[in-house]
Amino acid sequence: MEKLIVSSSPHIRSSVTTRRLMADVLIALVPATVAAVVLFGLSAFVIIFACVATAVLSEYLFNLITKKKQTVGDLSAVVTGLLLALNIHADVPVWQCVIGAIFSIVVVKCLFGGLGCNFANPAITGRVFMLIAFSETGGGTMPVIGTDLVAGATPLESIGKILKGGSAALPSIGDMFLGLRGGAMGETCAVALLLGFVYLVARRVIDWYVPATFVGTVFLFSLCVTGDPLLSLYEILAGGLLIGAIFMATDYVTGPINKLGRVVFAFGCGIITCLIRFFGAYPEGVSFAILFMNILSPYIEKWTAKRPLGGTRK
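Residue numbering for the sequence shown follows the numbering used here, beginning at 419 and increasing consecutively.
If you're looking for bench data, these hints aren't it; they were derived computationally from the structure.
Don't be surprised by glycine CBs; every beta carbon is placed ideally from N, CA and C.
Be a bit skeptical, because a hint or two may be false.
Label pairs and their calculated CB-CB ranges [said to hold, decoys possible]:
| # | residue 1 | residue 2 | range |
| --- | --- | --- | --- |
| 1 | Leu693 | Val525 | 20 to 28 Å |
| 2 | Lys579 | Tyr478 | 29 to 37 Å |
| 3 | Gly645 | Leu678 | 26 to 34 Å |
Could you put together the complete structure from these sequences and hints?
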């Protein structure tokens, strides 16, 4: 009789590596990155480079100083830096971008043990930190090709004025899809973000129902509040909903691991986003919603875990 070998989990092995997953995310972000540079010009490129370079260098130096194994090769720091850059607008001072990237990598990721141990999405937390610490991070800039960047009202701010009985001009739905409106660099072009979504689903990197639940919840909540399907569609295309739902609410580390838990997580993100948008002080609530649900993620995972036959919930 052959010897029985007993080993610790995991017992199911896969050829998928962290580096491969992160490379797929980077490929999915290429359309949004190209759109940001085309729409916002050289300043977008400078911010993207500053955030990515700072994120990689911060992780490298942290591991070097603490004598830990170098992990920059898994590309997670590149993804964090790029997502942070795409979630801020194009006229934020570069030094603030550098501080935001350092905070995302060192404080949120490395000090908690590195990738797999962070309690919240580093890019989202870095953006929230910048929103609170630097007033310039809020608001948005208008996409301009060949001219100077100018500050302008975002569609969410215009919708807020309309709901309060005022008047405000909204871009056309076509302009919303193409990114010809104010906002953060990577959130404006819906077409580019949807291309990334299709790629990630096709590569089985993310589950389609997580972004769908997030976006669907926002649409239905908005419809209940506004009573206008067109304004509800604007709520989906405006702000950072698509980039947040596709690239950050689907994070493996900071979300529940079971299917029901991920649906509950996305639903909660949608509800909190709408509560902040319609009743809060900020016109946008995606970043705060994802961060808050990141904190609740361990509890959601526990509440939605499958019980073994005959087992009881603790």
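Right, here's what the structure says about each hint:
| no. | hint | in the structure |
| --- | --- | --- |
| 1 | Leu693 x Val525: 20 to 28 Å | holds (27 Å) |
| 2 | Lys579 x Tyr478: 29 to 37 Å | violated (46 Å) |
| 3 | Gly645 x Leu678: 26 to 34 Å | holds (31 Å) |
In summary, the one numbered hint that this structure violates is 2.
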